[in-house]
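Colleague: What follows is the residue order along each chain.
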Amino acid sequence: MAASEDIPARAAAAARPRRLRISGRTLANHAILILGAVFLCAPLWIAFMSSTHSAETLYREGLQFWFGDSMLETYGAVMFDTGGVTKNTTALTMLGNSMVLGLGFAIGKIVISMTAAYAIVYFRFRLATPFFWVIFLTLLLPLEVRIVPSYEVVASLGLLNSYTGLIVPLIASATGTFFFRQFYKSVPDELLEAARLDGAGPLRFFLDILVPLSRTMVAAIFIIMFVVGWNQYLWPIIMTTDDQLYTIVIGIKQVYQVLAEGGELPQYQEAFALTILAILPPVLVVLFFQRWFIKGLLESEK
Amino acid sequence: MKRAQFGHSPIPYLFVGPQLAIIVVFFLWPAGQAVYQSFLLQDAFGLSTRFVWFRNYEDTILNTVWLESAGFTLLFSALVSFFSIAVALLLAVRANEVIHAANAYKTLLIWAYAVAPPVAGLIGGLMFNPFIGDLYHLFNAAGWDFNHTRDGFDASFMVILIAVWKQVSINFIFFLAGLQGIPASVQEAARLDCRSDERRFWTITFPLLAPTSFFLLVINVTYAFFETFGIIDVTTRGGPGGATNTLVYKVYTDGFLGADLGGSSAQSVILLLMVLGLTVLQFRFIERKVHY
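These protein sequence lines are chains A and B, in that order.
Letter by letter, the first sequence follows residues 1 to 302 in my numbering.
Letter by letter, the second sequence follows residues 1 to 292 in my numbering.
A few of these clues could be false.
To be verified - Output of the computed footprint for chain B on chain A, the stretches with three or more beta carbons under 8 Å from beta carbons of chain B:
no., stretch
1, 29–39
2, 59–68
3, 78–91
4, 116–125
5, 282–288
Stated by the list, open to error - Some chain B residues flagged as far from chain A (calculated, every beta-carbon gap over 12 Å):
no., residue
6, 59
7, 64
8, 68
9, 145
10, 185
11, 235
12, 237
Don't read these hints as lab results, they were simulated from the structure.
Cβ coordinates follow ideal geometry from the N, Cα and C atoms, glycine included.
Take these sequences, add in the hints, and give me the full structure.
Modeller: This is how it looks when you write it as structure tokens:
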């Protein structure tokens, strides 16, 4: 890594007069990038700083740009106490539910699409093509265009206010299946031939060869799906009415309602604290696994 | 198709089974219901339903509220897509050129992908809050009589700004990948032939990025249609006076809060046709990925 970064630096040093000539452009590049970074990061910074001040300060002086002194108090109240902007639940419970949704969505989607793609790519069976088209159809039916009947179906199955009802309807869409289908197709045929010579059956081949081979793909997709699952909004607000099952993103809607009700001094600092708590886990995952995240995003969206 | 495959056995059915079962129960059945309900009319008390053919569709399309909502949705999608793509392209081109701090810029520009739309909406809404929001005061101090709770234009401005903010990151990632995919030899040759940075961008780089741009256009329009629901739900709620009521938000309010099942279903089916159009476009242009 260090060696490859050295080369442009050395080239630039060798072409010193040329570098002087283009320095206007370089300056403009940095100015534009800094402006862009400020545009994206300033709201988060202000939200974080404002969450560390008291409601009175925010009401009197407006948004804040530097640390205040009630950070522990505010975050403690949001995390562990009911009442305030979290009403009958706490941010801790909501974070737990979000974690279940994020992990359940990611794992469920990966398992379901890996197995389905395996069947479609590696087996000759009569219904393969119709099955593929049925899976393809789901791409055309985003949840938003079938919310009312989906709600009725889940209600009639008695799955309202359950993790199953929350997760399962979200995981069937075809994107993951397409992704793994594409990947399996790029796996050399010789692998299967060799495995069969060694006497491996379909299950054995899948578990011992294909799954280990897909490891990096799975990791990349997992990062994306975790973030997508964590950020689900429309489906959770429709099907959870029990506040013990609220995810932190639904908590955001509740905060909005509490603030809109008005009444006494609105607890803006708690609202900001909750947004920070809702943002932090997925952002950390994306930044920490940046390389896998970008790979997964580029491959899965196409 | 693979040359080497397993022969006939029940195993493939077991492997596709879970996905198919979920699709049938949670996709095909509700979608069928949506289409069926869109042909039904319920009386005011929900006591009887009649089959009315395309009456709900007619009522939807001829309704001025729906037309205004459709108009807003189209304008909103166009503006959100244009600005988030343009800003991301500018940033990606610059980020691709810099040598110093390139990774720091990249990190600072991509994280917003992970922010959920309603979270972006709440933060943005608080920035514009009449009591504590600095942007609200800034605009008013600058002479713009800004009030998003009363003025439709101001509300649209706010929602568009938040939606663009949330969407720049993903566009940036794709443009940067596209730029890095342009072979070094092509860039070298272009640099020899054309000194002007700006001309080189419009004649070489931009055309080479066309597939990425087109793909992103589809992604962005889909985002503006559907995912901005979360932003609108915690900022304007379609108001004031329906000025920011997107089609998806209207399906939700009519179906869940208004309990107008037939009308809401007809609107869903119309939306579905719009998505269908988009998806067909998408696959025509990136069909190299689908070989069936």
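Colleague: What hints, given by number in increasing order, does this structure fail?
Modeller: 3, 11, 12
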